[in-house]
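S.K.: Below, each chain spelled out in residue letters.
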Amino acid sequence: MSDVKLLKGNEVIAEAAIRCGCDGYFGYPITPQSEVMETLMERAPWNTTGMVVLQAESEVAAINMVYGGACCGKKVMTSSSSPGVSLKQEGISYLCGAELPCLIVNVQRGGPGLGTIQPSQADYFQTVKGGGHGDYKLIVLAPNSVQEMNDFVDLGFELSFKYRVPAMILSDGMIGQMMEKVTLSPKKPRRTEEEIIKEDGDWATTGKTADREQNVITSLALKAEEQEATNLRLQAKYKEIQENEVRYETYKADDAEYLLVAFGSCSRICSKTVDTAREDGIKLGMIRPITLFPFPTKQIKEFAKQVKGFMTVEMNAGQMVEDVRLAVNGEKPVEFYGRFGGIIPSPEEIRVALEKQLFNK
Amino acid sequence: MNEEIIIAGFGGQGVLSLGKIIAYSGIMEGKEVSWMPSYGPEMRGGTCNVTVIISDNKISSPVVQRVDTAVVLNQQALDKFEEEVKEGGTLIYDPNGITRHPERKDINIYKVDAARLAVELGNPKIYNMIIMGAILKARPILNDENVELGLKKSLPERHHKLIPLNMEAVKSGSKGVEQVHSI
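Chains as they are written, first to last, in my numbering: chain A, 1 to 361; chain B, 1 to 183.
Worth flagging that the hints you see were computed from the coordinates, not collected in a lab.
It cannot be assumed that every hint is accurate.
Per the computed footprint, the stretches of chain B lying under chain A, defined by three or more beta-carbons under 8 Å from a beta-carbon of chain A, are [said to hold, decoys possible]:
id, region
1, 57 to 65
2, 167 to 178
Covered stretches of chain A, going by a simulated chain B footprint (3 or more residues, C-beta under 8 Å) [what the hints assert, rightly or not]:
id, region
3, 172 to 186
4, 312 to 318
Below, computed lysine to any residue pairings styled on SDA-like, alpha-carbon distance capped at 25 Å [to be verified]:
id, chain 1, residue 1, chain 2, residue 2
5, A, K298, A, E240
6, A, K272, B, E29
7, A, K298, A, I344
8, B, K153, A, D151
9, B, K152, A, E42
10, A, K332, A, T250
11, A, K5, B, M167
12, B, K171, B, N143
13, B, K153, B, S55
14, A, K237, A, Y94
15, B, K152, A, S185
16, A, K5, B, V63
17, A, K301, A, K223
18, A, K5, B, K80
19, B, K86, A, N329
20, B, K80, A, K298
21, A, K272, B, R66
22, A, K5, A, K239
23, B, K125, B, K86
24, B, K153, A, K298
25, A, K223, A, D135
26, A, K5, B, P95
27, A, K239, A, I344
28, A, K5, B, E3
Cβ coordinates follow ideal geometry from the N, Cα and C atoms, glycine included.
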């Protein structure tokens, strides 16, 4: 029990970063994620692991510092909340174009614009469909507990380095601000220069020796043919990721007649709706996409054979529902219920929406 | 066991840290816990609240519409959360500054004059632990040993010398709480 702690989701991101051997964090404060950098500053990992923690002059500077660190093969990250992540989009597109690994955390708040500081999931489109320019994808992990905030830092870096595609943890103010029991990961040392050269020396700028060609990292190609080749390589990677890295969870779905689809904090609320519906003898279940890209399209399609209908619940005006509808492809009705601007739906109102939109049809 | 508690009052009364101590005490009992604050643009003197859930099972939603126990420490909190207590649930309030007292007849109501008790103990900062004592008396869901362990876990070591004073405050709250309506 000694390792079980009670921490906020944001604090856990910081603890997990230090423990997984992160080399550098670059950020700029914004509610509701400021505790990430606050915790890092308090822990002062530059005295222990040697990890750099730097408050940049802006979100734009922070993401470009991430670009620089990533070029050297370092494990680097940034975090922000919705308006700040919008500012990072150019940098994210460059990171994707240059095929650099890194971790970005978005603790979403209500938008558009400066919006509110309360939780929201309205950055789904921005995150999954590409908020910056060009054909790119991020590996997107959507935690629904403080424990997963811990687990996904390490997982995010692992997947990001495996494919050299930036990873994003798409969280929100609820998971960031709430405290739950958490078991922190065991400590891993940071990689030495030798290890970086050995594992990533074929692309990273670190470790140029007299007999090795220089590695040049850029997202610029003056010839269209070169740029098309880059795009084809990226698309091949995304296909591989779609085939191998889908993660999802089901809840009481085995015999379900109706299925809720929800990610992140909404899935927590929905699981309570499932429990109360089951008490009333209604066969309701849930599927929770854990990776939003790659999306569990096949798995949802499979459920279309079993259930009478779906309802997607999101803290936005209906974003993931489009991907659910693509998966179901008209075979069964896919309804939507959402609240926005920082309002968290209650399990009871989801039940009411189910009665009105799905059960009575 | 699944106890959903909301604690609401002014910023600076120790609402959030009381919630944290309850949650840590729950962990010491081997329970599942969640702690979900209201985090609007709050400041000292503004209103604030925290929802704490202690359960034998994995906690689904950390946000709830109706609670088993509401602990309300000012008039606004009382006005807002009295109606959110489930039928048969518990309401604990501090009458200090209250002009409209709780009216519901289908819940158990307790009052604790915690501000006065804190002054009697010579330290207004232990106000929230007096409330803790009142909660434990009204809803004995945690035992005192685990509360002490929870305190130890949630306080930085440099403040551990204050634990005896805090436990004294818990006792004072348990003794001073008075049931004003029972169902």
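S.K.: All hints, please: hold or fail.
M.R.: Comparing the hints with the structure gives:
Only residues whose beta carbon comes within less than 8 Å of a beta carbon in chain A count, and the region 57 to 65 of chain B has 7; three or more means the coverage holds. Here's how the region 167 to 178 of chain B fares: 0 of its residues keep a CB closer than 8 Å to some CB of chain A, so the rule of at least three is not met and the hint is violated. Restraint check on the region 172 to 186 of chain A versus chain B: 7 residues with Cβ-Cβ distances below 8 Å, three needed, restraint holds. Counting residues of the region 312 to 318 of chain A whose beta-carbon sits less than 8 Å from any beta-carbon of chain B gives 0, not enough to reach three: the coverage restraint is violated.
For the suggested pair K298 (chain A) and E240 (chain A), the alpha carbons sit about 15 Å apart, so the restraint of at most 25 Å is met. This hinted pair checks out: K272 (chain A) and E29 (chain B) have alpha carbons roughly 24 Å apart, not beyond 25 Å. For a cut-off of 25 Å, the pair hint linking K298 (chain A) to I344 (chain A) is broken: about 29 Å separates their Cα positions. The hinted pair formed by K153 (chain B) and D151 (chain A) meets the criterion: a straight-line CA distance of about 23 Å does not exceed 25 Å.
Restraint check: the Cα-Cα separation between K152 (chain B) and E42 (chain A) comes to about 20 Å, which is no more than 25 Å; the hinted pair holds. Between K332 (chain A) and T250 (chain A) the alpha-carbon distance is near 19 Å, which keeps this suggested pair within the 25 Å criterion. For the proposed pair K5 (chain A) and M167 (chain B), the alpha carbon gap of about 22 Å is at most 25 Å, so the pair holds. Under the criterion of a C-alpha separation no larger than 25 Å, the hint pairing K171 (chain B) with N143 (chain B) is consistent with the structure, at around 12 Å.
For the given pair, K153 (chain B) sits about 19 Å from S55 (chain B) by alpha-carbon distance, which is consistent with the 25 Å threshold. Distance hint between K237 (chain A) and Y94 (chain A) is fulfilled; the C-alpha atoms sit about 17 Å from each other, no more than 25 Å. Our distance criterion of 25 Å between C-alpha atoms is met by K152 (chain B) and S185 (chain A), whose separation comes to about 23 Å. Restraint check for K5 (chain A) and V63 (chain B): the C-alpha separation of about 21 Å stays at or below 25 Å, so the hint holds.
Distance check on the hinted pair: K301 (chain A) and K223 (chain A) sit about 40 Å apart at the alpha-carbon level, beyond 25 Å; violated. Between K5 (chain A) and K80 (chain B) the CA atoms are separated by roughly 32 Å; this puts the pair beyond 25 Å, and the hint is violated. Straight-line distance between C-alpha atoms of K86 (chain B) and N329 (chain A) comes to about 43 Å, which puts the hinted pair past the 25 Å bound. Using a Cα cut-off of 25 Å, the hinted pair K80 (chain B) and K298 (chain A) is violated, with the two alpha carbons roughly 46 Å apart.
Taken as a hint, the K272 (chain A) and R66 (chain B) pair is honoured in the structure, with Cα atoms around 13 Å apart against an allowance of 25 Å. With a CA separation close to 38 Å, the supplied pair K5 (chain A) and K239 (chain A) exceeds the 25 Å bound. A hinted pair counts as satisfied when its Cα atoms are at most 25 Å apart, and K125 (chain B) with K86 (chain B) does not qualify at roughly 31 Å. Between K153 (chain B) and K298 (chain A) the alpha-carbon distance is near 45 Å, which puts this suggested pair outside the 25 Å criterion.
Taking the CA atoms of K223 (chain A) and D135 (chain A), the gap is about 17 Å. The hint holds against a cut of 25 Å. The straight-line distance between the Cα atoms of K5 (chain A) and P95 (chain B) is roughly 35 Å, outside the 25 Å bound, and the hint therefore fails. Between K239 (chain A) and I344 (chain A) the alpha-carbon distance is near 34 Å, which puts this suggested pair outside the 25 Å criterion. A C-alpha spacing of about 20 Å is found between K5 (chain A) and E3 (chain B), which places the hinted pair at or below 25 Å, so the restraint holds.
The structure fails hints 2, 4, 7, 17, 18, 19, 20, 22, 23, 24, 26 and 27 (numbered hints given earlier, in ascending order).
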